[in-house]
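Colleague: If you want the building blocks of each chain, they are given just below.
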Amino acid sequence: MRRRAFLAATGGGLIALIGAGMAAWNQVPVIPKRPEPDADAAFGWIVHRDGRFVLTLPRVEMGQGIATALKQVACTELGVAWQAIALQLHDTSSPPVKATVGSESVALFAEPLAQACSSLRDALEAGRLEGPVAVSTRPLSALRAFRAGGLIGASPELAQGRDIVTGAALYAADVVRPGLLHGRVLRAPASPEVGSRASTWNRSEAEKIPGFVAVVEDCGSANGQAKGLGIVASRPAALDQIAEALAIEWTVDSLPEQADIARAIDIDTALSKGKLGNRVMDGAPEGTSFDISMRVDIPFAAHAQIEPRAAVAEWKHGRLMIWSGTQDAFYVRDALADVFGLDPGAVTVQTMRIGGAFGGKVLCRAEMEAAALAQAVGAPVKVQWTRAQEFAFGYHRPPSSHRLRLKLSGGRITDWDHQQMSSHILFTSAGLPVWMQAATDLVVGDPGVARGMRIPYWVDRARAAYDTIRLPVHSGPWRGLGAGPNGLVVESAMDEAARTAGADPLAFRLDHIRDPRLAEVLRRVGETANWQGTAAAEHNGIRTGRGIACGIYKENSYAAVVADVAVETTGHIRVTRLWCTHDCGLVINPDQVRAQCEGNLVWSIGMLLSDALQIEAGRITAENFHENPIPRLTEVPPIIVELIASDMPPSGAGETAIVAGPGAIANAIRAATGVRPARFPLQAEVFAT
Amino acid sequence: MDFVLNGEIQDIPDEWAEESLLNLLRDHFGLVGAKYGCGAGICGACTVIVDGVATRSCITLAESIEGAEVRSIEGLATGGALHPVQQAWLDLAVPQCGYCQAGQIMSAVALLNEIPSPSEADIDAAMDGNLCRCGTYGRIRAAIRHAAIQRAVGAT
Ligand code: FES
Ligand code: FES
Numbered sequence: 001m002r003r004r005a006f007l008a009a010t011g012g013g014l015i016a017l018i019g020a021g022m023a024a025w026n027q028v029p030v031i032p033k034r035p036e037p038d039a040d041a042a043f044g045w046i047v048h049r050d051g052r053f054v055l056t057l058p059r060v061e062m063g064q065g066i067a068t069a070l071k072q073v074a075c076t077e078l079g080v081a082w083q084a085i086a087l088q089l090h091d092t093s094s095p096p097v098k099a100t101v102g103s104e105s106v107a108l109f110a111e112p113l114a115q116a117c118s119s120l121r122d123a124l125e126a127g128r129l130e131g132p133v134a135v136s137t138r139p140l141s142a143l144r145a146f147r148a149g150g151l152i153g154a155s156p157e158l159a160q161g162r163d164i165v166t167g168a169a170l171y172a173a174d175v176v177r178p179g180l181l182h183g184r185v186l187r188a189p190a191s192p193e194v195g196s197r198a199s200t201w202n203r204s205e206a207e208k209i210p211g212f213v214a215v216v217e218d219c220g221s222a223n224g225q226a227k228g229l230g231i232v233a234s235r236p237a238a239l240d241q242i243a244e245a246l247a248i249e250w251t252v253d254s255l256p257e258q259a260d261i262a263r264a265i266d267i268d269t270a271l272s273k274g275k276l277g278n279r280v281m282d283g284a285p286e287g288t289s290f291d292i293s294m295r296v297d298i299p300f301a302a303h304a305q306i307e308p309r310a311a312v313a314e315w316k317h318g319r320l321m322i323w324s325g326t327q328d329a330f331y332v333r334d335a336l337a338d339v340f341g342l343d344p345g346a347v348t349v350q351t352m353r354i355g356g357a358f359g360g361k362v363l364c365r366a367e368m369e370a371a372a373l374a375q376a377v378g379a380p381v382k383v384q385w386t387r388a389q390e391f392a393f394g395y396h397r398p399p400s401s402h403r404l405r406l407k408l409s410g411g412r413i414t415d416w417d418h419q420q421m422s423s424h425i426l427f428t429s430a431g432l433p434v435w436m437q438a439a440t441d442l443v444v445g446d447p448g449v450a451r452g453m454r455i456p457y458w459v460d461r462a463r464a465a466y467d468t469i470r471l472p473v474h475s476g477p478w479r480g481l482g483a484g485p486n487g488l489v490v491e492s493a494m495d496e497a498a499r500t501a502g503a504d505p506l507a508f509r510l511d512h513i514r515d516p517r518l519a520e521v522l523r524r525v526g527e528t529a530n531w532q533g534t535a536a537a538e539h540n541g542i543r544t545g546r547g548i549a550c551g552i553y554k555e556n557s558y559a560a561v562v563a564d565v566a567v568e569t570t571g572h573i574r575v576t577r578l579w580c581t582h583d584c585g586l587v588i589n590p591d592q593v594r595a596q597c598e599g600n601l602v603w604s605i606g607m608l609l610s611d612a613l614q615i616e617a618g619r620i621t622a623e624n625f626h627e628n629p630i631p632r633l634t635e636v637p638p639i640i641v642e643l644i645a646s647d648m649p650p651s652g653a654g655e656t657a658i659v660a661g662p663g664a665i666a667n668a669i670r671a672a673t674g675v676r677p678a679r680f681p682l683q684a685e686v687f688a689t
Numbered sequence: 001m002d003f004v005l006n007g008e009i010q011d012i013p014d015e016w017a018e019e020s021l022l023n024l025l026r027d028h029f030g031l032v033g034a035k036y037g038c039g040a041g042i043c044g045a046c047t048v049i050v051d052g053v054a055t056r057s058c059i060t061l062a063e064s065i066e067g068a069e070v071r072s073i074e075g076l077a078t079g080g081a082l083h084p085v086q087q088a089w090l091d092l093a094v095p096q097c098g099y100c101q102a103g104q105i106m107s108a109v110a111l112l113n114e115i116p117s118p119s120e121a122d123i124d125a126a127m128d129g130n131l132c133r134c135g136t137y138g139r140i141r142a143a144i145r146h147a148a149i150q151r152a153v154g155a156t
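Heads up: the protein sequence lines correspond to chains A and B, in order.
Taking my numbering, the leading residue of the first sequence gets 1, the next gets one more, and so forth.
Taking my numbering, the leading residue of the second sequence gets 1, the next gets one more, and so forth.
Bear in mind the hints are in silico, worked out from the structure with no lab data behind them.
Virtual Cβ for every residue (Gly too), placed ideally from N, Cα, C.
Treat the hints loosely; a few may be bogus.
Facing chain A, a subset of chain B residues (Cβ under 8 Å, in silico) [said to hold, decoys possible]: (1) PHE29; (2) GLY33; (3) TYR36; (4) TRP89; (5) LEU90.
Chain B residues, not near chain A, derived (Cβ > 12 Å throughout) [as the list claims (entries may be wrong)]: (6) GLU69; (7) VAL85; (8) ILE115.
Some chain A residues close to chain B (C-beta under 8 Å, calculated; not the full set) [said to hold, decoys possible]: (9) TRP201; (10) GLY356; (11) ALA438.
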């Protein structure tokens with residue numbers, strides 16, 4: 001990996017610039033025109049001016065706590081107090097950074113930031129306040145921020161925490177501009193895969209609504225094939241009234257293909273037609289008879305973050321300014337420049353704190369709508385999707401259908417075969433046209449779907465393969481990509497294999513693990529949870545049981561989880577306790593890593609018990625949280641998280657425990673009820689007595 | 001039409017009468033702490049306290065609060081000192097993305113005003129309607145207990 005760092009004087013101050021090699025893009029392009037960091041490009045995140053430091057956060061903050069963690073790194077390396085550094089969110093006038101995705105922010109950005117800060121510190125200590133300073137990068141061991149002690153391994157008050165608890169933290173929809181109007185783009189209640197547009201509408205009725213400003217026919221690029229009709233009003237509630245008064249008739253070109261989604265991705269149907277095209281593991285299981293054959297089906301799921309997508313757009317002298325809670329400001333900039341025929345430099349996207357994204361905020365949607373409406377009416381416009389739009393216009397975790405077949409001999413798994421049908425994740429149908437997706441299908445498949453299919457267990461012959469099919473509902477990145485669903489499937493199969501072998505599931509896993517870090521989290525979670533087996537019991541009709549699971553996320557971060565559940569006679573399932581042991585290398589902020597583990601475990605409960613997007617005839621019909629429930633306070637049990645103290649390079653925590661949480665809960669339910677959870681979300685009647 | 005907003009008498013202009021209280025607070029008064037999450041009274045992100053009761057401002061008509069006393073997250077701290085619930089939220093680092101937290105805090109404040117030392121069942125009943133996708137529920141529960149203890153200690 002090539003790295004460069006130097007100091008340069010700008011605006012009378014000293015700015016540390018760091019080469020982009022660290023952040024080199026490690027994915028095949030997901031999205032056209034996304035800025036690819038050039039190894040020679042340099043960007044400045046930390047500035048010293050007039051005795052103060054400003055850290056321009058090269059990531060977006062969406063609850064993962066990166067603002068706090070990077071500030072800890074900067075303070076430590078600069079050797080300055082917490083208050084000496086002011087935080088600033090980046091906009092696209094800063095040099096490009098890649099999207100904030102994949103739990104990479106500490107792993108990829110902490111070191112360059114530390115290098116920049118150490119150089120800045122040297123220059124300041126040498127009495128320099130001006131002029132470019134060439135510096136050589138230090139070895140990791142020479143960086144203060146990569147050693148536990150002081151702020152590293154501590155949990156200072158959350159950056160922006162005070163703002164959040166006083167209501168002062170600003171999200172995209174909180175931005176106010178002089179003369180700000182409210183906009184919305186209406187679209188047909190149809191699959192975004194089929195052409196649709198407004199054919200007639202009653203403008204004169206809409207004009208009677210107080211606050212009516214405009215109906216806008218050209219609303220920027222379509223959402224898939226769904227062309228919109230825009231409305232603008234001077235007060236927010238007028239939008240609902242105008243939408244109703246317009247009484248729009250929609251033309252929908254055709255019915256979507258693959259409208260029967262469960263059928264389209266049915267793994268057994270796919271296998272009956274031949275081999276799946278994308279191999280993740282290449283072994284060749286022997287023979288045709290297996291000791292275990294299990295089928296698992298997982299549905300579409302929404303991100304359901306509480307903040308719907310939102311943006312404010314303002315045009316001034318041919319330049320476009322956007323305020324947005326996007327995970328990828330530079331992509332949004334380029335997409336807008338493209339559609340509006342502008343030089344990218346004429347578009348500035350200011351990132352805002354994000355009210356939850358989980359992979360859902362990487363495309364350019366509300367931003368596009370706001371920009372088009374603002375251009376049409378000649379005034380700044382805010383667009384915040386309604387909850388119904390959030391479901392209907394977003395993209396979602398694809399459904400997946402799995403067939404697992406295992407053979408055992410002498411208490412060990414000899415043959416492993418995992419076959420999966422799903423839809424696209426990294427090459428999201430919301431961003432890629434059919435033709436381009438056909439090309440990616442052919443050349444690389446979809447590594448997002450593959451994530452988590454490679455097992456961390458040693459078996460003689462292991463095969464994993466998948467295929468993707470484009471569906472009428474758009475799919476895309478969702479917390480952990482394929483790792484959550486695949487982890488659930490793999491860990492369910494391991495549990496069945498241990499049962500078949502008559503072995504304890506913890507010991508059985510250890511027998512198949514060679515990675516010492518994975519073995520360690522597994523052993524440790526067994527100790528903290530006082531693991532003594534699956535502990536199935538029944539008391540007053542309540543069946544209880546324990547399950548265990550583990551996994552590795554992106555080859556470098558580890559989690560193991562134990563779950564306790566209680567199942568009533570009605571089949572109603574409660575998770576009653578969760579333990580998690582987590583190893584993500586050197587921990588900058590243990591409390592925030594814990595918070596991420598807790599969040600992942602709550603998502604694990606959701607994956608088992610509630611996540612399912614309501615879809616009929618190929619279109620999303622869920623309009624609000626009652627039709628798409630997410631875990632509630634009363635569903636979440638006490639959670640005990642233990643972090644492994646490590647001096648390995650820091651990896652990610654935002655999506656790790658989701659590889660093990662769902663499996664642990666599913667295995668606990670299996671222990672309690674004797675029924676293998678196989679269709680998600682789980683229905684109570686399946687587990688009733 | 002008057003009402004009391006964070007201790008001060010304010011007018012509800014006629015053209016805002018049919019807006020939701022959430023829009024009135026956010027777009028007329030510029031108090032953006034309360035958030036839109038669902039617009040249907042389901043998620044709790046818009047919660048404010050009206051006459052002592054945790055209220056979903058997205059489904060409350062502005063005109064219906066005439067004469068009422070409304071407290072929003074912005075009116076919780078007094079003279080720079082955080083309210084004990086806000087302090088507990090910071091002490092336990094409750095927020096992740098933070099978007100739901102103004103609503104969570106207001107629900108918790110209303111709960112503790114009514115029941116100074118709530119049982120777990122009281123917390124369940126008061127807080128179950130406030131959704132948090134980041135999954136901060138365990139910390140919310142712990143912060144409510146923490147705030148209750150702090151207040152009890154402070155009161156003696
Ligand atoms: S926005 Fe009011 S309850 Fe969700
Ligand atoms: S902190 Fe993100 S939704 Fe609650």
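Colleague: Now tell me, hint by hint, if it's right for this structure.
Modeller: We went through each hint and held it up to the structure:
no. : hint   : result
1   : PHE29  : violated (11 Å)
2   : GLY33  : holds (2 Å)
3   : TYR36  : holds (6 Å)
4   : TRP89  : holds (5 Å)
5   : LEU90  : holds (5 Å)
6   : GLU69  : holds (18 Å)
7   : VAL85  : violated (8 Å)
8   : ILE115 : holds (16 Å)
9   : TRP201 : violated (23 Å)
10  : GLY356 : holds (4 Å)
11  : ALA438 : violated (34 Å)
Hint compliance for this structure: hints 1, 7, 9 and 11 are broken, all remaining hints hold.
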